[in-house]
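J.: Sequence:
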Amino acid sequence: MKKIILLGTGGFIGSNLRYWISVWVSEFVGMYFPYGTLAVNVLGCFILGFIMIYGTEVIELNPQIKLFIGTGMLGALTTFSTFSFETISLIRESSYSLAILNILLNIIIGLAGVWLGFIVAKALA
Numbered sequence: 039m040k041k042i043i044l045l046g047t048g049g050f051i052g053s054n055l056r057y058w059i060s061v062w063v064s065e066f067v068g069m070y071f072p073y074g075t076l077a078v079n080v081l082g083c084f085i086l087g088f089i090m091i092y093g094t095e096v097i098e099l100n101p102q103i104k105l106f107i108g109t110g111m112l113g114a115l116t117t118f119s120t121f122s123f124e125t126i127s128l129i130r131e132s133s134y135s136l137a138i139l140n141i142l143l144n145i146i147i148g149l150a151g152v153w154l155g156f157i158v159a160k161a162l163a
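In short: position in the sequence shown from 1, add 38, done, that's my numbering.
A few of these clues could be false.
What the hints assert, rightly or not - Derived DEER-like restraints, expressed as beta-carbon distance ranges:
| id | residue 1 | residue 2 | range |
| --- | --- | --- | --- |
| 1 | Ser133 | Gln102 | 25 to 31 Å |
| 2 | Leu136 | Val61 | 33 to 39 Å |
| 3 | Val96 | Val61 | 30 to 36 Å |
Because the hints were derived from the structure by calculation, they are not lab data.
This structure is a prediction, so every number in the text was calculated from the model and none was measured.
We treat Cβ as the ideally placed atom computed from N, Cα and C, and that holds for glycine.
Could you put the whole structure together from the sequences, leaning on the hints where they help?
T.: The following block contains the structure:
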């Protein structure tokens, strides 16, 4: 039950951060490019990279705090942070081929998923 509360609370915070940061950035720089999404993705990547390394290699961060921040908050803020962290982890392990494959598959399948969603939505409209 404690994990559900940690994930739910983190998700609530992350989704609100995503919305308000995106709105603020879009109002500040305009809507001609998805800068708001880019901002939350980069922020999420930075925070996840920091928490996972600092919380593991520098201090022993409580696993529940990592769950709250990493999966809950950053999972709602962005899933791009997880993708980026996993890719960098592969590179750090010298698994360069897997890192490249991870990048290509995430981008290609992600775009294909969006495209398929468009097609299905139009078919149901």
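J.: Hint numbers the structure violates, sorted upward?
T.: No hint contradicted; all consistent.
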